[in-house]
Every structure is written in C-alpha cells, then in structure tokens.
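Trainee: This is what each chain is made of:
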Amino acid sequence: MATMNRSEWFRYGELVSSLAIKDLKIKYKSATFGFVWALLNPLLLAIILTIVFSMVVKIEVEQYPLFLLVALFPWSFFSHSFSAATASITDNAHLIKKVAFPRIVIPLSVILSNLLHFAPPLFLVLILVICFSTSVSWTIIFLPLLLLVQICFVTGISLITARLHAQFRDVKFLVDASLIPWFYLTPILYPISMVPENWRSWYLLNPMAGIITSYRELLLEGVVPGLLTILVTCGLTFTICLVGVVVFRQQEAFFADQV
Amino acid sequence: MWAIEIKQISRRYFLYQEAPTLIKDVFLRPVLNRSRPHECWALRDISWRIKQGETVGLLGENGAGKSTLLKILAGITKPTTGSITVNGRVGALLELGTGFHSELTGRENVLLNASLLGIRRKEVEAKLKDIVSFAELESFFDVPVKTYSSGMFVRLGFSAAMAMDPDVLIIDEALAVGDIRFQQKCMRRLAEFKRENKTLVVVSHDLGLIKALCDTAVCLHHGSIVDGGDAGEVVDRYVLRMTDIGSPQRLTDAAVGRQDSKLSSAEWSGEPFLLGAVSKPCGFPRSGTRAMVIKEVHLIDDARQPVVLPEFGQVVNLEVAVEAQQDCPRLTVAFYVKNHSRLEIIGTNTDIQGKPVLQVARGERYVFRFRFELRLKPGMYTVTVIAANGPEAEHYYDWIEDAISFELLSPHVKLHALYGPPIEVTLKSSQSVAW
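Chains as they are written, first to last, in our numbering: chain A, 1 to 259; chain H, 260 to 694.
By construction, these hints were calculated from the structure, which means they are not laboratory data.
Computed from a predicted model, the values in this text were never measured in an experiment.
Keep in mind that the hints are not guaranteed to be accurate.
[Stated by the list, open to error] Computed, partial: chain H to chain A, Cβ under 7 Å:
no., residue
1, Ser374
2, Val383
3, Lys386
[Unchecked claim] To give an idea of the chain A side of the interface with chain H (calculated C-beta under 8 Å), a few residues:
no., residue
4, Leu174
5, Ala177
6, Ala256
We treat Cβ as the ideally placed atom computed from N, Cα and C, and that holds for glycine.
Same shape as in the complex, but just chain A (with noise of 0.2 Å):
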C-alpha cells in the first residue's frame, strides 16, 4: 500500500473515476433530476441573494447576478467538496474494513463526482458570461488552470480533515460549521475591491479569496489576476496540498481500525 509503481498510479486512477460515477449514479438514481438539483440550489440562493444584496443592501457592482452566480458554483463546488471528503473515509467504513486499496481514492473520488455534480452549472455559467457580459475576454483560456488551482485546494484540506475525521468524529462538525463563516469572509456577495485596504493582504491568506475574485477578473473583468495574488494562492494550495498528502498517507493503513 505504501509504494505504489506507476501501472499501480494508472490502475487506481480508473477506481477513483469508477468511484465517482457510482456516486453520481447512486445520487442520480435516488433522485429525479438530480443534476438538476446541483443546479436548482445555488441558483435559488443566487436569486435570492441579488435581491437582498442589490435591491435591500445596495451592493454597487454592475450586472450583480452574473458576478454573484461566477463566484457562487465555483464556491458552491468547493464547499460541497469538502464537506463530503471530510467524511469520506467514515462514510465508506464498509469498503476500508475489508478491502485493500489506497485509501486516498476515495476523497478524490468524491471530489471527483463533485466536479462531475457541478460541471453542468459551471458551464451553465460559462454560458451566461458569453451571453450576457459586457467584455468577454482571451482571458477566459486560463479559466481550466485556476479550477485545477481550486481542486488542488480542495484536495488538499480535505486529505487533512479527512484524515482527522477519521480519528476524531468531531471534525466533520467543525468543518460544516467553519463555512459558514468561510462563506461571508470569501468576496463572494461583495468584491474584494471593496474590503478595507489594510485587511487585504490578510484576505489573500484564504487561498479561496483569491480564487474566487480569480474568477471574476478571468470571466468579467478580462484581466489576469495579479502576481501577489497568484504567488500567495498558488503557495498555499501547494503547501496546503503536499502537507495534506502527507499526513493522509502517514495515517492512512491505520483508518480499517478507526472507523
């Protein structure tokens, strides 16, 4: 389990897909539409946050739905993702208990089926920014380059949160209750232009405030997002996501007695 040659990398890779499309049939199955339903919820929360935010709070951002649905699916992804990832490797106790597998298959198969869950809104949105923008920009290229940026991020912390759930049944709690917060202090509702100068270099801590405003600047400003910006992320998802290898591969022949 410990070392694997590169046919072993090449075989598990097709279990972490046929994982992911079990998770989706399985949600597909039990559910009429349920694609539909990836859709169905940000939209509604997008539809409701236009009209407190630009009718009852009065954010000043032009064409407010489209720069709040361009942060939202991607956030949407990020916070199911590591949610469900978090609890991956109790949520499958039955598999880990009597089979033989890396074990890091399956947080990556969740965070697989996600991206597959969200690809349609993802794109449903692409869709809107062609149609709808102002200023459709060749930016637009580097948008599959900042979602591998996001899934390493993701990847990454839930491989330790994962980790950690297994072992400490609280961490799932914690990790649902930490987005919330997560959520309001990411410029998701409001740009980041609009945080108080002397805290935004703290912001760019989060590595999802950068990917998000990321998105904006790609998609609908058509400028690349700037080099403090990148370098910062881009060094923390990276650390982030090697520290998250890590711990998960110390712990993980261990998981079959934890969970």
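Assemble chain H onto chain A, guided by the hints.
Mentor: Chain H only, in chain A's frame:
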C-alpha cells in the same frame, strides 16, 4: 518459495471509553483530564511462513486475534511492529459481497469491486461471462442488487472474488453461506484453486471444513500462535484444549503411563493395548477431570483376538474399560474412528445408541463394547475414546485422543470415497445389452 512471510508482528489497539473528539481530546486535553485509552495487544510477536500452494487453516477462540491477523495479511491494516511480505495478488473474502452497493446492478458492482482490488476494467470485462455463469445469475445481472435474495448476493460475491484470480486467497467464515449445492460448488472451485498451486488461508469455526480443506493449521490464543502443524492434529488438539477448560488436575502423560502399567486386566483376554504406549505418535494430551478413568482400550475380533491390520469389511469390537475414581452420576462413553486427515469417519456414543446413561459408584468398573464393520478406504486410522458426564457433557471425565491405531490394508479394494457400503448396480435399456 514463501507466499506469505510474517516476521515478529505485533498489533496494538487503543480502546477508548468514548469516541475521541478533536475538541475534547486535543484542544481541551489539559483542562479536561480525559482518561487515557486502554492499551490492548491483539497480536503479540507472531512469526509465520506460508508456503506457496499451501492451504492453511487459522484457529482460535473468539478474540484470539484471527481477524486482526487476516486484516494484516489482506493488507487492510498494518502491524504496529514487525514486517510482512506477501508474494502475489491477495484476494480477501472477509465478507462476501463487500463493497456491493444496493442501488447498482450486479454488473456495475462486479466492475467496481474489481477496480477496488486494483484490477483493470478490460481484464474484468473478459471474465464477466464466467462470473455470471458461475453465480447462476444470468437474468439478474443487470438488475440492482437490492432486488437480490441473500443467496444471490453471496453467489455473486464468491464468483466475483474467485474470478479476480488471486495468488493468495483469504477466506473468513465466508463459506458458511449459500445453499448446500452452491457450497459444494464453492468447494470444488477451491479444490481447483489448490490444484493451481495457489495459497489459501481459511478461518472457520467449522473444524470439519478445516480438516477436509487444509494441509496445515495454526492456532492462535490471546494473540500468540500456540500450535501449528498438520491441520487435523492442530484441530484435534484445539478441541481438546477447548474442552479441557476447568479440569481440576491434569495428569502428565508419564503419570498416565505408570498408572496404566500397574493395572491388572483380569476381565480381559488377549493382549491389552496399554494406554500411553499407542497414543504417543501425535502427542495429544490426555484431558478430563479423571473422576472416571479409561483403563483400557482394545480392538478385537469376534474371536477376541486383537486386531491390528483389519481387512476391508471386517467386523471388529472396540472395548473400552472404565473405572470410577469418584461417584459419577452420569456416564456415557463415546468413540471416534478418524482417518489420516483426522476426519471422524465412524463415531457414536452410548446415548445415541439408545443405551441409558449410567450411574456409577466409586470403584465400579465397566466394559463397553461397540461392534461395527470397517467398510473404509484403506489407510491409517486412529480411535479416540471419551468418557463423558452424559450425552450433552459439560465436562469430560477422560478423553484420550488416538488411544489406539490400526491400518486397514486391503490393496485389492478400490474406493473413490472414504466409506464403501455394499452397492448394487443394475442396468435398464431399450436394447438388450449383455452386461
């Protein structure tokens, strides 16, 4: 070539009084003064090597560490200390149909199961036909497994696991499922697996299965290997140990021998087979409370001549002489004739034979005679005799494993099975055939 090599592994578990939480056990630890988890060693310093092609049974009472050892063998968990080397692909049937999801179809589940075991999709797709036909699930393969009966579930699990073509197969009580016909089919498949010179590790409380299937066995007790060797012998010693619990005194074999040699056997004609002298080969300890002692055991013919090399079909008398050392309110006597793989071939007790349970006073002596026909496959046999306190004995007065042995030598007799009753064959045909 070793299939599995285990070097001095130990495995520790922590038993928590309540599930550990991050808040209580990490953040608030200094404040809360939580009780330290109880440490428990499930396995202690186990070294064990399994040859390629060997079929090994793993025995032990509940909590002896069997499951932990199997999990380590299967790679599901790691030992705390020590090392394990496994050559080849390990398949584990720790539970049939593991990882099957009720919403998915049989086919989807088999494919997923295979990829969990690290097998490429293409490789499995080629085998799907075999899996379905072995499991006899043709019309149900593309239906969600939630609609399966438990038998169907189990059949699919077994055939999927076997189709993955493991080099080492680990089975934990998983065979005790399915109907008789499917069980036999599984046994045939496992026999085939053995012929392919593959390694099998079996845990079962079905001791007959261990005897029939396994070449060797090891016995775990409190996390250590306490016995190992020929499967039949290990099983019988295990049974003796398990039934011996609570016996007040345990005579050493030497003491038994001395005692027996002093006996006069006035009631007996013919050469007595002294106890101790014949029971040595396998080295089974004699067990029981000794409130009643088996003094002598003889195998004689109707002319009261001792039988050492009986013929196929010969009628023999097994005589068991007992003497009460204390008052014994209930006495039944039982015997087993066991073959070389220690399967019980013939066996009964006085109660099964419709005889009353005896009340015996101290000092009384009895001779029990069992008369039966030896229609057995030629080979070595041993006879185990037991004096017990009633048919559903809570304890045994005296239990002598392999009290005597005999060899059935009938080279002209060809048997395909262990037992050869008289068989009459007739032929009916529409044509007139001379037969």
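Trainee: Against chain H, run the beta carbon of Ala256/A and see if the smallest gap drops under 8 Å.
Mentor: Holds. Min distance 4 Å.
Trainee: Does Leu174/A pass the interface hint, meaning its C-beta sits closer than 8 Å to a C-beta of chain H?
Mentor: With Cβ-Cβ at 7 Å, under 8 Å, it holds.
Trainee: Does Ala177/A pass the interface check with chain H, least Cβ-Cβ distance below 8 Å?
Mentor: violated, 11 Å
Trainee: With a cut-off of 7 Å, does the beta carbon of Val383/H approach a beta carbon of chain A closely enough for the hint to hold?
Mentor: Hint violated; Val383/H Cβ to chain A Cβ min 11 Å, cut 7 Å.
Trainee: Do the numbers back the hint for Lys386/H, that is, is its least Cβ distance to chain A under 7 Å?
Mentor: This hint is violated: Lys386/H lies away from chain A, its Cβ roughly 16 Å from the closest one there, beyond 7 Å.
Trainee: Under 7 Å is the threshold here; is the Cβ of Ser374/H close enough to any Cβ of chain A for the hint to stand?
Mentor: holds, 4 Å
Checked against the numbered hints given earlier, the structure breaks hints 2, 3, 5 and satisfies all the rest.
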